[in-house]
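Colleague: Work out the full structure: start from the sequences and follow the hints.
Those sequence lines, one after another, are chains U and V. Using this note's numbering, you'd call the opening residue of the first sequence number 1 and step up by one each time. Using this note's numbering, you'd call the opening residue of the second sequence number 1 and step up by one each time.
Mixed in with the good hints there might be a few duds.
Since the list gives no way to pick one copy over another, a pair counts as held whenever it fits inside one copy or between any two copies.
[As the list claims (entries may be wrong)] Listed next, the in silico PhoX-like pairs over lysine-lysine satisfying Cα-Cα at most 25 Å (straight line):
1) K155 - K52
2) K155 - K87
3) K87 - K61
4) K87 - K10
5) K167 - K87
6) K10 - K167
7) K61 - K155
8) K167 - K125
9) K61 - K33
10) K125 - K45
11) K108 - K10
12) K111 - K125
13) K33 - K108
14) K10 - K111
15) K27 - K155
Keep in mind that the hints were calculated from the coordinates and are not lab data.
Protein chains: 2
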Amino acid sequence: MQALFSHIQKIYPISPEAESALGEICKELSFTKNQTIQEIGHTCKTIYFVSKGVVRIYYYKDAIDITESFEFENAFVARAESLFTGKPSQKAIQAIEDTNLIAIDSNKLFKLFDEHHDLERLFRKIIETSYVTTVNRIESLQFHTAEERYNALIKEAPDVLKRVPLKFIASYLGITQVSLSRIRAQK
Amino acid sequence: MQALFSHIQKIYPISPEAESALGEICKELSFTKNQTIQEIGHTCKTIYFVSKGVVRIYYYKDAIDITESFEFENAFVARAESLFTGKPSQKAIQAIEDTNLIAIDSNKLFKLFDEHHDLERLFRKIIETSYVTTVNRIESLQFHTAEERYNALIKEAPDVLKRVPLKFIASYLGITQVSLSRIRAQK
DNA sequence: CTTAAAATTTATCATATGATAAATAATCAC
DNA sequence: GTGATTATTTATCATATGATAAATTTTAAG
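Modeller: If you want it as structure tokens, here you go:
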């Protein structure tokens with residue numbers, strides 16, 4: 001739990017009361033490598049914080065497994081398109097390594113926002129940051145070649161190569177695994 | 001100004017006090033077709049609401065003009081990657097038609113959040129919605145063909161074709177104008 | 001360890017899209 | 001309205017990436 005609180009501290013420090021209220025609606029969970037954390041078709045009512053390990057969000061397009069995103073230690077994970085709309089998600093969350101998560105009950109969290117203005121501000125800032133990240137990713141997918149995207153990824157997050165299988169990285173970059181292999185070979 | 005208030009009403013109704021405080025930090029602006037609303041290199045300190053017309057956000061990649069997004073009536077526009085980070089934006093905002101905007105001073109808005117919790121909640125929800133939109137757009141760019149993306153666009157927003165030049169639509173879809181022309185021809 | 005399963009690479013061929021240039025159509029300025 | 005500018009389409013050729021299959025390497029299970 002402490003990992004979450006120190007992470008929060010860096011984003012927007014909240015009052016001890018808010019922190020304690022937040023602690024009340026959190027659960028610590030463990031998953032083994034490859035284990036499914038949340039299934040496709042499930043409506044997302046949890047915001048996870050990764051305290052140890054790596055997870056990915058994925059979905060199927062024409063029966064092909066596509067990785068939408070990875071998250072490592074000290075990052076939040078949620079299927080936004082379900083969490084913020086209340087609709088069932090077409091995406092799943094899976095542990096890529098043995099992973100420890102802190103699960104925040106989103107309905108309880110949203111209720112806490114009424115009492116704890118600072119908690120709402122914190123999560124507003126978290127969403128803002130996630131939003132900026134996705135806007136930048138659109139730019140990358142819109143007009144960069146697969147090779148440029150691969151190079152950018154290993155520059156920004158060299159850990160990914162060590163901890164995430166290439167088949168997941170390929171679909172994350174919007175290409176097939178074979179194509180990624182080809183790009184890696186020509187160096 | 002009324003267009004903004006009625007739009008807000010549908011998202012998250014705010015108190016009359018909050019509405020009046022918001023009104024105080026807004027300005028109504030008009031731009032003619034093709035006019036630049038905000039320049040590249042400028043740090044974004046404004047959230048716009050489109051009350052009439054269409055605007056686009058664009059940037060240059062290798063001297064080629066790329067449209068990141070369009071916004072029509074009753075939508076908010078801001079260069080998130082600058083607004084939320086305080087860094088100068090590499091993107092510009094331009095009117096595609098004669099356009100009326102309501103400009104919200106973001107620094108003043110963020111200060112109002114301290115007094116008006118409901119205003120912060122409103123904007124949290126607006127950001128959440130924008131975030132969901134961009135996440136869905138990543139999915140579209142990640143593994144759909146150019147033709148699928150074009151078909152999805154005209155299905156979801158048929159107005160775009162009538163009001164936005166094809167050269168802007170092409171780069172928005174992540175393809176060249178010539179390629180878009182080819183896709184349109186094969187029908 | 002040994003074997004099976006999974007991940008990654010390599011090879012071949014097909015195709016969608018890019019780059020460039022030119023033709024045509026639409027829009028704008030006077 | 002007329003000519004100039006801009007937008008769109010068409011054509012040709014080049015290339016990056018996809019699809020498929022097979023070989024190789026790595027990982028996992030017993």
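Colleague: Are the hints correct? Go through all of them and say.
Modeller: Status of the hints after comparison with the structure:
Proximity of K155 to K52 under the C-alpha cut-off of 25 Å is restricted to the intra-copy arrangement: shortest distance 22 Å within a copy versus 43 Å between copies. For the identical chains of this complex, K155 and K87 are inter-copy neighbours only, at 21 Å across copies versus 36 Å inside a copy, given an alpha-carbon limit of 25 Å. When the C-alpha separation of K87 and K61 is checked against a cutoff of 25 Å, the pair qualifies only within one copy, where the shortest distance is 19 Å, while the shortest distance between copies is 36 Å. For the identical chains of this complex, K87 and K10 are inter-copy neighbours only, at 19 Å across copies versus 32 Å inside a copy, given an alpha-carbon limit of 25 Å.
For a Cα distance limit of 25 Å, the shortest separation of K167 from K87 qualifies neither inside one copy, at 29 Å, nor across copies, at 35 Å. With identical chains, the CA atoms of K10 and K167 are never at most 25 Å apart, being 34 Å at best within one copy and 43 Å at best between copies. Within a single copy, K61 and K155 get their C-alpha atoms only as close as 28 Å, which misses the 25 Å cut-off; across copies the closest is 19 Å, which meets it. Taking the shortest alpha-carbon separations for K167 and K125, neither the intra-copy value of 32 Å nor the inter-copy value of 35 Å comes in at or below 25 Å.
Taking CA atoms no more than 25 Å apart as the test, K61 paired with K33 passes inside one copy only; the shortest distance there is 23 Å, against 40 Å between copies. Taking the shortest Cα distances, K125 and K45 sit within 25 Å of each other both inside one copy (19 Å) and across copies (16 Å). When the C-alpha separation of K108 and K10 is checked against a cutoff of 25 Å, the pair qualifies both within a copy, at 23 Å, and between copies, at 24 Å. Taking the shortest Cα distances, K111 and K125 sit within 25 Å of each other both inside one copy (18 Å) and across copies (14 Å).
Proximity of K33 and K108 under a CA criterion of 25 Å is satisfied in neither setting, with 29 Å inside one chain copy and 47 Å between copies. With identical chains, the CA atoms of K10 and K111 are at most 25 Å apart both within one copy (23 Å) and between copies (20 Å). In the homo-oligomer, the alpha carbons of K27 and K155 never lie at most 25 Å apart, since the shortest distance is 34 Å inside one protomer and 42 Å across protomers.
Hints 5, 6, 8, 13 and 15 from the list above are not met by this structure, while the remaining hints are.
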